[in-house]
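Asker: Chains as they are written, first to last, in my numbering: chain A, 203 to 457; chain B, -3 to 296; chain C, 42 to 254.
Rather than coming from a laboratory, the hints here were simulated on the basis of the structure.
Any given hint might turn out to be false.
Heads up, simulated SDA-like pairs for lysine to any residue below, C-alpha to C-alpha not over 25 Å straight-line [stated by the list, open to error]:
id	chain 1	residue 1	chain 2	residue 2
1	C	Lys251	C	Trp184
2	A	Lys292	A	Pro302
3	C	Lys235	C	Gly111
4	C	Lys190	B	Asn283
5	C	Lys240	A	Pro302
6	C	Lys190	C	Glu242
7	C	Lys235	B	Leu214
8	B	Lys47	B	Glu58
9	C	Lys240	B	Val296
10	B	Lys47	A	Gln225
11	A	Lys292	B	Pro79
12	C	Lys190	B	Val107
13	C	Lys154	A	Glu410
14	B	Lys248	B	Tyr131
15	C	Lys135	C	Gly105
16	B	Lys148	A	Pro335
Residue-level listing of the chains:
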Amino acid sequence: MFDQLKKTEVYKSIFRHSYQDTQRNRALQIVDNVFLHLHPVRVPRHATNLSYTWGMGGITFLLFLILTITGVILMFYYRPTAQYAYEDMKYLMNDVPFGPLIRNMHRWAAHAMVLTVMLHMFRVFLTGSYKPPRQFNWVVGVLLLVLTLLLSFSGYLLPWDQLSIWAVTVGTNMARATPLLGHEGPLGPELGMRIDNDVRFVLLGGTEVGPPTLLRFYVGHCIFLPLIAVIFMAVHFWRVRKDGGISGPEAAKKI
Amino acid sequence: MGQFLEILSKPDNIPIVLLLLSVIYFTWLYWVKAKRNDMATVPVEATQDDKVQVWPYLVRIEFLMTIAIMAVMVVWSIALDAPLEEPANRALTPNPSKAPWYFLGLQELLVYFDPWIAGVVLPTLIIVGLMAIPYVDINEKGNGYYTYKERKFAVLTFGFGFLIMWVALIVLGTFLRGPGWNFFWPGEVWDPHYVAVLTNVDLSEYFGITTRMPDNSLNPLAFIFGAVCVGGFYSLGVLYWIKNRNTDLMQKLGLVRYSVVSFLFLSMVGVVIKVILRLLPTAFGLNPVKYVWVTPWFNV
Amino acid sequence: MSDQVSQEVNNQPAAEAVAQQAPKPASPQISPSPLPRKPKQDRPPEGDPGIWRLSRRNLLTLAGWMGFFGFIIASTIGSLRYMFPRVLFEPPMKFKAGSPSEFTIGEVSERFKDEKRVWIVREREGFYALISICTHLGCTPRWLPSDNKFKCPCHGSGFYKTGMNFEGPAPRPLERAYVGIADDGQLEIDRSIKFLYEKNEWTKPGAFLKYTG
Chain A
203 MFDQLKKTEV YKSIFRHSYQ DTQRNRALQI VDNVFLHLHP VRVPRHATNL SYTWGMGGIT
263 FLLFLILTIT GVILMFYYRP TAQYAYEDMK YLMNDVPFGP LIRNMHRWAA HAMVLTVMLH
323 MFRVFLTGSY KPPRQFNWVV GVLLLVLTLL LSFSGYLLPW DQLSIWAVTV GTNMARATPL
383 LGHEGPLGPE LGMRIDNDVR FVLLGGTEVG PPTLLRFYVG HCIFLPLIAV IFMAVHFWRV
443 RKDGGISGPE AAKKI
Chain B
-3 MGQFLEILSK PDNIPIVLLL LSVIYFTWLY WVKAKRNDMA TVPVEATQDD KVQVWPYLVR
57 IEFLMTIAIM AVMVVWSIAL DAPLEEPANR ALTPNPSKAP WYFLGLQELL VYFDPWIAGV
117 VLPTLIIVGL MAIPYVDINE KGNGYYTYKE RKFAVLTFGF GFLIMWVALI VLGTFLRGPG
177 WNFFWPGEVW DPHYVAVLTN VDLSEYFGIT TRMPDNSLNP LAFIFGAVCV GGFYSLGVLY
237 WIKNRNTDLM QKLGLVRYSV VSFLFLSMVG VVIKVILRLL PTAFGLNPVK YVWVTPWFNV
Chain C
42 MSDQVSQEVN NQPAAEAVAQ QAPKPASPQI SPSPLPRKPK QDRPPEGDPG IWRLSRRNLL
102 TLAGWMGFFG FIIASTIGSL RYMFPRVLFE PPMKFKAGSP SEFTIGEVSE RFKDEKRVWI
162 VREREGFYAL ISICTHLGCT PRWLPSDNKF KCPCHGSGFY KTGMNFEGPA PRPLERAYVG
222 IADDGQLEID RSIKFLYEKN EWTKPGAFLK YTG
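Isolated chain A (complex conformation) (with noise of 0.2 Å):
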């Protein structure tokens, strides 16, 4: 029965080769599948030891993409509105099904990926694979590192509790001082910033964190955000194959 739907001209056009543990298709595998295209047929066999790797940069992708689902959800239920948003994390922590277990996962995630971006640079920087050719790669990571702590920080005003509230209030405040840009800042009202036309006003749509503020901080976390993170990492990604795969002793080992 299985053969027979094997042979059909369906089937065919799905799956290219055999399953038979062969090393021809073990490289198909690889080759023939658009997400695991991502890999190289064959790595080093340091690349596949834990203790060198600590998998801090796939576990981040994979907290990433459980980030992007479970906030995908949430949106079904969630108004960023003033009006609405507390009352709407209400409902989903008491009448949602399933309802709390989606957003604590959102919320713990999003802490994990801060503090596995973290871990992931530190083990690139101890095994010196910054170093040439992958001195760009780091720096695309450094944005990647800034952009997770821009969402989720962006993330923290969402529920508007107390909490969040307060967070953003002490967090976007810090603008009001930046140099030149910020209407506390140094040489700031000498180019004429004001409480309403200065960077903290561009980033919370008004004179204090507000209902202006959450739509604000919703549609960057939602969408623009995410959206400069993806491309950031398809390149970090591109760059970590084209600058030769998982960082290695290869200089040592010439020598």
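Once you have looked at the hints, place chains B and C on chain A.
Answerer: Same frame as chain A, now just chains B and C:
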């Protein structure tokens, strides 16, 4: 002590406990691996250079890790509820008010520096400094394997920046800063009415130069004193260059790279010095230092 | 060799244009002595002028590029401007705070703190209004009557009743708002008019309302 455990186990503080444990573990792991490589003639990674097929040897690790992480996330999400406090109220500031945990190191620095430094300049320097690392580190060794011996300065500087300036300050800001952002030892009760009497003075006042004239205008002597302090501190980098410019290392590094390294390094050290200037005098019953350099436009 | 000659000819009119305009990516053959030629794949295709050959002859190309960059710059500025709304839906800064006799001498009134974010202080000689936003990072300090000071819960800044900062990280005193008497005899506060101590503005009229009724 009960309250300290309570703070420790607050759901939102779990990541910090995880951070602390994982950083300790990974630092230890690094140390073990680096020591082993430093003793050997060829790093261990170089002996594992033979190729293996990604399917199944790498893919199965990814698959197992995915399952493990998903299991952890599900258990974590079932066990602990994400916090949801009272509805937002602009007029009522909770005490203490804390930023998200990963910014608590920066929030801690807000105690010592004006917001434009702690909130804008230092984060910018951190980001730019991190991005500059690959371009100023010209040491070719230690690429792709763990080592300490071959890149001591790089590892020590980064380790200090990450472990002390970032992780330790986060832990301090989360667990030891209570109401009014006052410092509480583990086991001390967070008393919201605790009042720390702190009268900050400017550094110049230790030398008998008052910052403000009687009519509240800036004392030019204090301005010059501060400028000399800050300028003198950064010129240490220039002195070091003049003294060592003919060494091989400095020749290879070049003036531009050296300037970047010394500026970033001195800035990091400067932050530590300012923190010490604020904290240490209280131990001797002196007034903490508020500013080193007061100018009409900004204060450092 | 022949293609090199044709390149030279091609470049003649371009040279004048280049001289007038800002430096452009150099045209390939300027050096007089023929250098060892690069392999074919490192040179542009033969006879292909490339897209950066700006001259009078292809004025339209130039206009096209200018239009392109002009559009990019204009739309960037436009989208930035888009983020600055013209109308804000925030409570008005100017309000009436009731009759001056409703305040007792020495009192720090928190009546308008929640809604308008000001404290109204009455002293023996008159009134002043402090904006209840910490000058450190904008938290709302608390008035502690027992300690006779304002204390910010965020980073522990302390302010005297006058608004002067004396402890913690706050870089400057609290700001004062305009206080006056409206036509109907009520106190009038305008938060949009601020008086900063460090600019010696507390002595200005409006920062302090003389009242001994």
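Asker: A separate judgement is required for each hint: does it hold in the structure or not?
Answerer: Outcome of the hint check:
1. C:Lys251 with C:Trp184: With a Cα-Cα distance of about 23 Å, the restraint between Lys251 of chain C and Trp184 of chain C holds, given a limit of 25 Å.
2. A:Lys292 with A:Pro302: holds (10 Å)
3. C:Lys235 with C:Gly111: Since the Cα atoms of Lys235 of chain C and Gly111 of chain C sit roughly 41 Å apart, the hinted pair is violated (cutoff 25 Å).
4. C:Lys190 with B:Asn283: holds (20 Å)
5. C:Lys240 with A:Pro302: violated (52 Å)
6. C:Lys190 with C:Glu242: Given pair Lys190 of chain C, Glu242 of chain C holds - Cα atoms ~22 Å apart, limit 25 Å.
7. C:Lys235 with B:Leu214: Distance of about 22 Å is within 25 Å: holds.
8. B:Lys47 with B:Glu58: holds (18 Å)
9. C:Lys240 with B:Val296: holds (19 Å)
10. B:Lys47 with A:Gln225: Satisfied, since the Cα-Cα distance of roughly 13 Å is no more than 25 Å.
11. A:Lys292 with B:Pro79: holds (11 Å)
12. C:Lys190 with B:Val107: holds (19 Å)
13. C:Lys154 with A:Glu410: holds (15 Å)
14. B:Lys248 with B:Tyr131: At roughly 13 Å apart (the allowed maximum being 25 Å), Tyr131 of chain B and Lys248 of chain B satisfy the hint.
15. C:Lys135 with C:Gly105: With Cα atoms ~52 Å apart, Lys135 of chain C and Gly105 of chain C exceed 25 Å; violated.
16. B:Lys148 with A:Pro335: holds (21 Å)
Hints 3, 5 and 15 from the list above are not met by this structure, while the remaining hints are.
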